[in-house]
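A.B. asks: Sequences and hints are given; from them, build the entire structure.
Protein chains in written order, with the working numbering: chain A, 2 to 134; chain B, 2 to 134; chain C, 2 to 134; chain D, 2 to 134.
Be a bit skeptical, because a hint or two may be false.
Cβ-to-Cβ under 8 Å is the rule here; a few derived chain C residues that face chain B [as the list claims (entries may be wrong)]:
1) Tyr15
2) Trp16
3) Glu17
4) Lys32
5) Glu35
6) Arg36
7) Ser39
8) Ser48
9) Ala50
10) Leu75
11) Asp76
None of these hints come from the bench; they were simulated from the model. Quick reminder that beta carbons are idealized off the backbone N, C-alpha and C, glycines included.
There are 4 protein chains.
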Amino acid sequence: MSGGAVFSWPVRVYWEDTDGGGVVYYANYLKFLERARSEWLRALGQSQAILAVDPGILFVVVSLQVEYLKPAHLDDALRVSCEPVRDGRVAVLFRQQILRDGPEPEPLLRAEVRVACLDVQSRRPRRVPEFVP
Amino acid sequence: MSGGAVFSWPVRVYWEDTDGGGVVYYANYLKFLERARSEWLRALGQSQAILAVDPGILFVVVSLQVEYLKPAHLDDALRVSCEPVRDGRVAVLFRQQILRDGPEPEPLLRAEVRVACLDVQSRRPRRVPEFVP
Amino acid sequence: MSGGAVFSWPVRVYWEDTDGGGVVYYANYLKFLERARSEWLRALGQSQAILAVDPGILFVVVSLQVEYLKPAHLDDALRVSCEPVRDGRVAVLFRQQILRDGPEPEPLLRAEVRVACLDVQSRRPRRVPEFVP
Amino acid sequence: MSGGAVFSWPVRVYWEDTDGGGVVYYANYLKFLERARSEWLRALGQSQAILAVDPGILFVVVSLQVEYLKPAHLDDALRVSCEPVRDGRVAVLFRQQILRDGPEPEPLLRAEVRVACLDVQSRRPRRVPEFVP
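C.D. replies: Have a look at this one:
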C-alpha cells in the first residue's frame, strides 16, 4: 500500500448478491465497495470500534457517484480497489473500482465515495486522522 | 385482530428480493416475516423504540423453523400472516405464513419464529408484556 | 402524475434496513429508490415482466449520483419521489428524492439515476418506449 | 474434508450485515450459511453453473431450522461449518454451525438446512449426485 500501490480486496459473488436478472443487484455493489474500505482501514491497523472510542470519531458516506460498466455474475471472483485522498480537513474521497479477476481483469464498476469524519457524540465534523494519506 | 382474525401484512416483491434463480432469495422471506411482526406490534399501538425505554425491553429471535412450499417471483403481491402465542413467561411463538395474494391465495411458506423478551440493559429474560395475547 | 405532479411512493423503515450505526445502511436507500421506480412503472400500467416479452426490453442502471443529507431511522415513514426525463433516445434520467414523511417533510437524500433501455436478447440499446414522458 | 474433517468457511462481519441493534440481522446469518454451502461445493470441484447444464440439476432449500445462541458483531471473524448428509435419494441435509473465531471458538448459531435436488427444466426431484457423501 506504500509507493503508489493501490489497496484492493477480493470479493466472491454468491446467490445473495444476484437478482432475478441473473446479475449482481445494483445496490449490492455498494456493499462490496464498503467491504474494501473497511479492510483498507483494518490493513492500516485501525478499527472502527476503537476509533469510535478514541479519538471518538466515525465515518459517514455523504455522497457518491457510480458508473456501472459491466455486470458481475454468480461465482465471479471480483477485486475491489480503494484509493483514499483527503478532501479538505474533514472528509476523504475514495476512488474505487470493481474488476472481474482473471488473467485480464475486466473493469465492471467505477465509483467515487465521499466520506465525512464526524464526532461520535456531537455528529459535528472532525479533522480526518493522520493515518489517511 | 380480535375474535380469531389473524393479523396479516401485504408485501410486494421487488428486484432487491429476488436472486439469480428468478425467485425470492431464501433469506429474504425472513425479512417479510419480520415486517409482519413489526406491523402487528404497531397495529397494537406499540413501538419498539418506546418499549426499549419503557418498560425497557426488546424482542430477540431465538429459534425458527421454515418450510418453503413454493417460490415467490418478481412483482408478486404477497400476504404475510402473524399469529403470536405466549410460550412461557418470557417468550412468544409466532406462527406465520406467506401467501401469494389473489382470488385463490396460494401458500408459499410456513414458519414458526420463537422470540424472547429481554431486558435492554442486562439482556436477561423479562416477562412478556400483557398486550401479547 | 400529470400536470406536474411528481410520482412518489411510501416506504417504511424496518430492522432489515438499518445497520449497527442505528440508521439506514447507505446501500439500502438504493433499494427504496428502485421500489419507487418500479411502482412508477406499475402506475403507468406497465409491467417489467411483460415489457421483457413485448417489445422485448429491459431497463438497466448505468450510473447514479447520491447525496446523503440526513439519516433515516427504524420505523420512519419515508416518501420516495421519482421524476423521469428522457435522456437521449435510449436512456431515462430519474431525479429522485427521499423525504421523511410528516407535517413538515424533511429531505434525507437526493439522487439521479440513469437507466438505459436494452434489448432483452442482444443487450444492445433500444429506443425508450413512448410511455416515458 | 475426508476422514471426518468438517468443511468450514471464514466470514467477516461488515456494516451491511448488522442492524440497528448492533448485531448481525437474523436473516443475514442465512447468507453466511449459504456461502459455506457454496464453497463446500466449490471445494469438491463442482460449480452450480455447470451442474445446471450437465446433468441439469439445481439445489433448492425446502426447509430449515435455526437456533440463535449468541449474536455476532461488526468486525467479528466467524467460521461457518457445513456437514452434508444424504436425506433419501433426492435431498441433502446440511448440519451447519456458525462460530466466532478465536483461541476458544464460541458457537453462535446452529442450523439444519434441507436442500432438494431438482431437474432444471421440469423442477421435479432428481437423484442427488454421487459426490455428496
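A.B. asks: Decide, hint by hint, whether the structure agrees.
C.D. replies: A quick look at each hint next to the structure:
1. Proximity of tyrosine 15 (chain C) to chain B holds as hinted, the smallest CB-CB distance being about 5 Å (cut-off 8 Å).
2. A cut of 8 Å between beta carbons decides the hint on tryptophan 16 (chain C): the least distance to chain B is about 6 Å, and the hint holds.
3. Restraint check, glutamate 17 (chain C) versus chain B: the minimum CB separation of about 4 Å is within 8 Å; hint holds.
4. Hint status for lysine 32 (chain C) relative to chain B: holds, with the closest Cβ pair at about 4 Å, below 8 Å.
5. The beta carbon of glutamate 35 (chain C) is positioned within 8 Å of a beta carbon in chain B (closest approach about 6 Å), and the interface hint is therefore held.
6. Annotation: interface hint on arginine 36 (chain C) holds; nearest CB of chain B at approximately 5 Å, less than 8 Å.
7. Hint on serine 39 (chain C) holds. Least Cβ distance to chain B is approximately 6 Å, under the 8 Å limit.
8. With its C-beta approaching chain B no nearer than about 7 Å, serine 48 (chain C) sits inside the 8 Å limit, and its interface hint holds.
9. Against a cut-off of 8 Å between C-beta atoms, the interface hint on alanine 50 (chain C) holds, since the closest Cβ of chain B lies about 6 Å away.
10. Against a cut-off of 8 Å between C-beta atoms, the interface hint on leucine 75 (chain C) holds, since the closest Cβ of chain B lies about 7 Å away.
11. With a cut of 8 Å, the hint placing aspartate 76 (chain C) at the interface with chain B holds, because the nearest CB-to-CB distance is about 6 Å.
Violated hints: none; the structure is consistent with every hint.
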